[in-house]
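Enquirer: Residue numbers (our numbering), protein chains in the order written: chain U, -9 to 287; chain D, -9 to 287.
Some hints here could point you the wrong way.
Remember, identical chains collapse to one label, so a pair may be satisfied in a single copy or spanning two.
Said to hold, decoys possible - Here are the computed lysine-lysine pairs in the BS3-like style, where the Cα-Cα straight-line distance is at most 27 Å: (1) K210 to K269; (2) K257 to K217; (3) K257 to K269; (4) K236 to K210; (5) K210 to K257; (6) K13 to K217; (7) K282 to K182; (8) K64 to K236.
The hints are simulated quantities; they were obtained by calculation from the structure and are not laboratory data.
Number of protein chains: 2
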Amino acid sequence: MTKENIATYFQELQSDIINDLEKADGTGVFITDNWERAEGGGGKTCVLQNGRIIEKGGVNFSAVHGPLAPEVSKMMHVAPGDFFATGVSIVIHPHNPFVPIIHMNVRYFEMSSGEYWFGGGIDLTPHYIQDDQAQSFHTHIKNVCDKHSPDFYTQFKEWADRYFFIPHRNETRGIGGIFFDRLNDSTVAKSKEEIHGFVMDVGHSFAPIYTQFMRDNYNKPFIEAHKRWQLLRRGRYVEFNLVYDKGTRFGLETGGRIESILMSLPKLASWEYDVQVEKGSAEAKTLSLLKKGIDWL
Amino acid sequence: MTKENIATYFQELQSDIINDLEKADGTGVFITDNWERAEGGGGKTCVLQNGRIIEKGGVNFSAVHGPLAPEVSKMMHVAPGDFFATGVSIVIHPHNPFVPIIHMNVRYFEMSSGEYWFGGGIDLTPHYIQDDQAQSFHTHIKNVCDKHSPDFYTQFKEWADRYFFIPHRNETRGIGGIFFDRLNDSTVAKSKEEIHGFVMDVGHSFAPIYTQFMRDNYNKPFIEAHKRWQLLRRGRYVEFNLVYDKGTRFGLETGGRIESILMSLPKLASWEYDVQVEKGSAEAKTLSLLKKGIDWL
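The following block holds chain U by itself, in its conformation from the complex (with noise of 0.2 Å):
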């Protein structure tokens, strides 16, 4: 398991959920952009944008190496040398506010010292949390899970309930769903092999999982209202994004390629000074629900 291999792995992957999301979609159809690194590697990012369902959505692949800059090698806790890196990001914004808001990421990082791991996640952000859907992603991602181990699906849904968190809104950013980081040989009893096979099928997860949601969804009939609090919803996964993903702040601050970056921005979003919502209401009900801890099973 080279770390070329395990690049062509998630190459496959994206271009596996580009079509699915396409023919999902029925419309819309990705652009590709592929961009180069001066420093070493480059990337492929494609977006749809004004599909029939999708609004916007990237899904990105990149796989990049070199040096490691000294500042970066220590906010990462690893010693000096080159590094490796690949992964494929999603993100999906859906016009219909029925249709939930999704991300996935699949990720390998390895060393020039031989130290490595994978990271990923995916999570759901309904605009309106139905206990149906929220029930139905969860159940498939811990089938996922239950697949490779017994522990992960507690260890890693919990774990996207600390991680998926707006501290300062004191609200999770949607349902949740699993988030891993540094798993390798020695944080899990498993090997390169074993965790990699976790990894891609996680990845080769999202597309059933969410062109379910698309087509359940996409037709329901919605009010101005509605679309009014999925733009006020998709603020707050903005304030997310900027102020605490990883991910976004890392390649902010180490002038990776910002249109790749920012991808998972939606094409519109709304602030409204102190919004109150209707006690009973369809978007009380929301609020009340993104919270850590919950048993959505």
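Dock chain D against the given chain U, drawing on the hints supplied.
Expert: Leaving out everything else, chain D in the frame of chain U:
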């Protein structure tokens, strides 16, 4: 010149500005939220939404005090003790893309040790940079500065260029203005009263400058393409405020009143992937002028 006096002057300034903005807007009315801080002090947040000219604008006053958290005193490079901080903060987002966004802040900080300073700034972010407007803005600001010191404009204009800058975009936020911090009798050759006089002059320059820009531009015809560009420029404003603005980040990290801190964000903002502007267009001209070191006079 006690801290209580200074806070009272600031509160009057807030009230004056609100009156002037409501008069210029014509239909918009500020709603007022008085709030208290558990650890000491409080503030008055005033927000105008959906006016005739102003889409969303906030004029905040606060005067807070209490023990300074150790991590904050370290971050601010002051010895531990009790702090007192008061200020007025303004951000205005207009409807019409030809009315610029504006920001103004004046503030005073004092430690129980007696250490004190004034800070503040005013900067203009036109969605479309107009030469005469830029010149008028900087001329006004320079006149205010020149009344107090021949060095202030040059020095504080450079400071604004450095501060109101978005590194990941390699763009200034707008056409700058002035920014200054930690002014006291040991950092500038002025008495506390003289510095206070300068800061109040900056504060009182806000309404005449901005209401003129409102009157001159609110009625200009615009098309969908101008609105689209305005929302994209607002996206950059959001990026600056959430990623770099020290006041915002300080507020988020220290648990300030979130609705007051984030009143600076626009009602609507937009992100599209890799937007290209037409050569020779007004958009291209604006982008070409988002640079440090331009002499606008």
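Enquirer: Give a verdict on every hint.
Expert: Going through the hints against the structure:
no. : hint         : result
1   : K210 to K269 : within (23 Å within a copy, 42 Å between copies)
2   : K257 to K217 : both (13 Å within a copy, 14 Å between copies)
3   : K257 to K269 : between (30 Å within a copy, 24 Å between copies)
4   : K236 to K210 : neither (34 Å within a copy, 42 Å between copies)
5   : K210 to K257 : both (21 Å within a copy, 26 Å between copies)
6   : K13 to K217  : within (25 Å within a copy, 32 Å between copies)
7   : K282 to K182 : neither (31 Å within a copy, 49 Å between copies)
8   : K64 to K236  : both (15 Å within a copy, 24 Å between copies)
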